[in-house]
Amino acid sequence: MTVDSILNGVVIDHITAGSGMRLFELLKLDRMDVTVALMKNVTSRKMGRKDIIKIDADIPIDLDVIGFVDPGATVNIIKNGELAEKKSIRLPDTLKGVLRCKNPRCIVTTEQELPQIFRLTDPAERVYRCVYCETKAQ
Amino acid sequence: MRSVIDILDLDVHELDALTDTALDIIAHPDDYADACRRKKLATLFFEPSTRTRLSFEAAMYELGGNVLSMASAAASSAAKGESVADTVKTVSCYADIIAMRHPKEGAALVAANSATVPVINAGDGGHCHPTQTLADLLTVRREKGRFGDLTVGFCGDLKFGRTVHSFISALSRYPGVRFVLISPEELKLPSYIKKDVLQKKEIPYVQTEDLEDALPGLDILYMTRVQRERFFNEEDYLRLKDSYILTPDKLKNAGPDLSVMHPLPRVNEISVAIDNDPRACYFKQVSNGKYMRMALILKLLKEAGTL
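Chain order of the listed sequences is A and B.
For the numbering used here, count along the first sequence from 1 and bump the result up by 17.
For the numbering used here, count along the second sequence from 1 and bump the result up by 3.
Isolated chain A, as found in the complex:
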């Protein structure tokens, strides 16, 4: 299967196989009126299998979301068909507006205009907790 190269846009590569769909959803790509290709289980020499997302549009990408889902992913910015920039990805310290707290006792369940904020509390285990009630993100 082949997917055309893009002229101006973003390529998110080296996504752990199986994580591409979650990343696709958290980046809200399903709601954007742009051409996007999500490739699952692509053969990779380095990883065996990997997922790739190609976005054929010059749109801002939330690198924190990518870092949260898969800090091993790579992000290449393409301009005029050439690699213009490689973005570094790391586990973000804070996630805003990405996850929702599932604790029914948390203040965000009754005051829904409050920003949903999660903080990295255990980098080794990649644990994020709600800043309000400290419930672990699922």
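Hints were generated in silico from the structure; no laboratory data involved.
Since we're looking at a predicted model, the values are computed, not measured.
Using N, Cα and C, we set each Cβ at its ideal position, and we do this for glycine too.
Among the hints, erroneous ones may be present.
Unchecked claim - Lysine to aspartate or glutamate pairs mimicking EDC-like chemistry, simulated, CA-CA at most 20 Å apart:
| hint | chain 1 | residue 1 | chain 2 | residue 2 |
| --- | --- | --- | --- | --- |
| 1 | B | K253 | B | E215 |
| 2 | B | K198 | A | E130 |
| 3 | B | K83 | A | E130 |
| 4 | B | K204 | A | E142 |
Stated by the list, open to error - Residues from chain B that keep clear of chain A, each with C-beta distances beyond 12 Å, as calculated:
| hint | residue |
| --- | --- |
| 5 | A74 |
| 6 | K203 |
| 7 | K255 |
Based on these hints, arrange chain B on the given structure of chain A.
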């Protein structure tokens, strides 16, 4: 603006300084009788409370200040749907400092982020209750003369008991502390506290369901109530509420220097026959709570430049 939401907002030096101030207040109450003259504390209690609210109010009065409060959550704008943020922004216009209790976890942080005066968390659901921990710490200091080198038993509801979580977090910062966690299987200390606090700091602890077996080795026994309001299911509450009841008979197994603590209110988990035992400290905790709240109000008003 400095607020206190979690006991971990205060470092050990600040805890030591607060207990120093509280001990000085106890020794020289007249020196503090006008310390907060013409200052106002607003007590915003969106959840029923007797001792915590009265303790804050008594603390402010003993500092020479005044208190603003609402009759109940039902009588507040919250009943009309006002947000916590809007409520504290409004109250910040009237008061110099706010003590707030709210049934939702994280409400105190929301309040602190919006208020223009210091906010003291007087309990946010099952999450944090830092001033109870301050009361507990002063009790330990007065009863034991130290914070470190202690074996502390926690008994009862260790899952939902916010006072237990805060007290464990606070004591974990002192050397030589060991914990004995006594609870039924369903009410064990949450694994994230064991992992993030106890295991990370390599603090020794044991878990048991047997109170009588654990008693002889303890310096402090911290009893807790199984809280009906923390259960979604009444059947679970009824099944677990009488798991542990401390009686004079059981206390015979304990050493003469044991201090029995309880954040109160109790239901039946400590027999009233123990109240006159010299090892019973739970009413001393109530008194200590007022002094620590006085010390905290003074500290936060000074840091805010209000005093």
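So, going through the hints one by one against the coordinates:
Annotation: proposed proximity of B/K253 to B/E215 holds, straight-line Cα distance about 6 Å (limit 20 Å). For the hint linking B/K198 to A/E130, the alpha-carbon distance of about 32 Å lies beyond 20 Å, and the restraint is violated. At most 20 Å may separate the alpha-carbon atoms for a hinted pair to count; B/K83 and A/E130 meet this at roughly 17 Å. Simply put, B/K204 and A/E142 have alpha-carbon atoms about 17 Å apart, close enough for the 20 Å limit, and the pair holds.
Against chain A, the non-interface label of B/A74 holds: every CB pair exceeds 12 Å, the least being about 21 Å. Residue-level check failed: B/K203 sits 9 Å from the nearest beta carbon of chain A, not beyond 12 Å. Residue-level check passed: B/K255 sits 40 Å from the nearest beta carbon of chain A, beyond 12 Å.
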